[in-house]
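For the sequence shown, full-length UniProt numbering begins at 1 and goes up steadily by one.
Any given hint could turn out to be false.
SDA-like, lysine to any residue: derived pairs with alpha carbons at most 25 Å apart [unchecked claim]:
1. Lys79 <-> Ser15
2. Lys200 <-> Thr219
3. Lys260 <-> Ala236
4. Lys335 <-> Pro317
5. Lys23 <-> Met120
6. Lys104 <-> Leu93
7. Lys240 <-> Arg188
Calculated from the structure, these hints are not laboratory results.
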Amino acid sequence: MLLLLETPAGYALFSVMNKKLLKADADTIYDSFKTSADAQRQVGLTAFHKFEDTKAAMEACTELTEGAVGKSLKKFLKKNIVDAGLSDSLAVLDKQLGINITKKLGVEVSVLSENLKEIMRGVRLHLTELIEGLDESEVKSMSLGLAHTLSRFKLKFSPDKVDTMIIQAVGLLDDLDKELNNFAMRLREWYGWHFPEMGKIVTENLAYAKVVRLMGLKTKAKDTDFSEVGVPDEIAAEVKSAAETSMGTEITEEDLGNIKTLSERVIELTEYRASLSEYLKLRMNAIAPNLTYMVGELVGARLISQAGSLMSLAKHPSSTVQILGAEKALFRAMKTKKQTPKYGLIYHAALVGQSAPALKAL
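Please model the entire structure based on the sequences and the hints provided.
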C-alpha cells in the first residue's frame, strides 16, 4: 500500500511496511506512531519531490484543493509508480483526486478508510523524521507562508467575493433594523413608567434616546438645553411643559443608569446603521450601478442576496426576478389553487410604485 501526502515542502510517497496496520482497529493505530522510531518501523519513504519555491507550492496546493492532477504531480507519480512498475494500490485523502489519478495514470486508488486516515495522521505527526533533510521549523514557516499566499490567491480570484460583501451587509442591515426596533420599543416602555407623556411628544426613536440620555430624570427637564441633541424649540417646550404635570412614577438612580445604558446602545446602533447603509450604497453603486439606478441600493442588494450572487441574478428570467422573494406565497397559492402573487422584493422599488396601475398588472 502506497500513501500520497502533500506537504508544504513537496509531494511525498510512503509505503506501508507493516501490513497488519491495514487491518488493525483504527483506535489502536495511534499507538504504533507514538515515537519517530515507531513510525519508521511502520512506514518508509519511497519518493519525495521538493517544490522549487512558494509559487510552485501554491500552484500545486491550488490544484489539489480542486481535486486536479497537475503536471508536477503527474510526473512524480508516473516516475515513481508507473515507470517503477509498482503494482501497489495508492491511498489519497481526496476522493476526486483519486478518481482523476486513475483516469490519467491508470493507477489503482484505494478508498480512504478510517485505518488509512489514522495511518496518514501518524505519518504527518513524524513527517520531519521520516523525510531526511526536512527541518521542523522550516516546515512550519513554509506552512504559514503557503497558507497566507493561498488565502490571498483565493480572495483575489473569488468571483463571489464582492457579492458576499453586499449579501452580508444587507443581511446585517435587516438584523440591525429588528434589534433597533426592539431596543427602541423597550426604551420607550421602560422610561415611559417615569415619563409616559414624552412618548407622544418625541416620536423619532433616535431623538427619544438622545433626550433620555441628556435629561435623565423628568425633574431636570426645565434646566435641560434640548438644542444640544437637535430637538426643535417647540418640541422642547412641550417636553418641559409635560414634565411639570407628568403622571409617571419616580425611579431610582440605579434604574436611570440602566435606562441610560439602553439609550446609549440605541444611539450607537442607529449611528452604525447609518454608516452601514452608506457603505452598502457605495458598494452597490460600484458593483451594480445599473441595478442600483433602477431599483435602489436596498432593493438591489436584497435581490442579489435572494438570488445568491449578482451573476445568478443576471441569469434569471424576468418572470423569476419579478417574484423573487415571494416564493413561499407563490407555492402556497399554487398549492391552494388561488391567485399567485405578482411581485416579490421588486414591489418596493420606486420605479414599480410610481408606475400606472395598468402597467403594474402586466
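The hints, checked one at a time:
1. Lys79 <-> Ser15: 15 Å, holds
2. Lys200 <-> Thr219: 18 Å, holds
3. Lys260 <-> Ala236: Measuring from Cα to Cα gives roughly 19 Å; hence the hint holds.
4. Lys335 <-> Pro317: 23 Å, holds
5. Lys23 <-> Met120: Distance of about 15 Å is within 25 Å: holds.
6. Lys104 <-> Leu93: 17 Å, holds
7. Lys240 <-> Arg188: The hint holds at about 18 Å.
Checked against the numbered hints listed earlier, the structure breaks none of them; every hint is satisfied.
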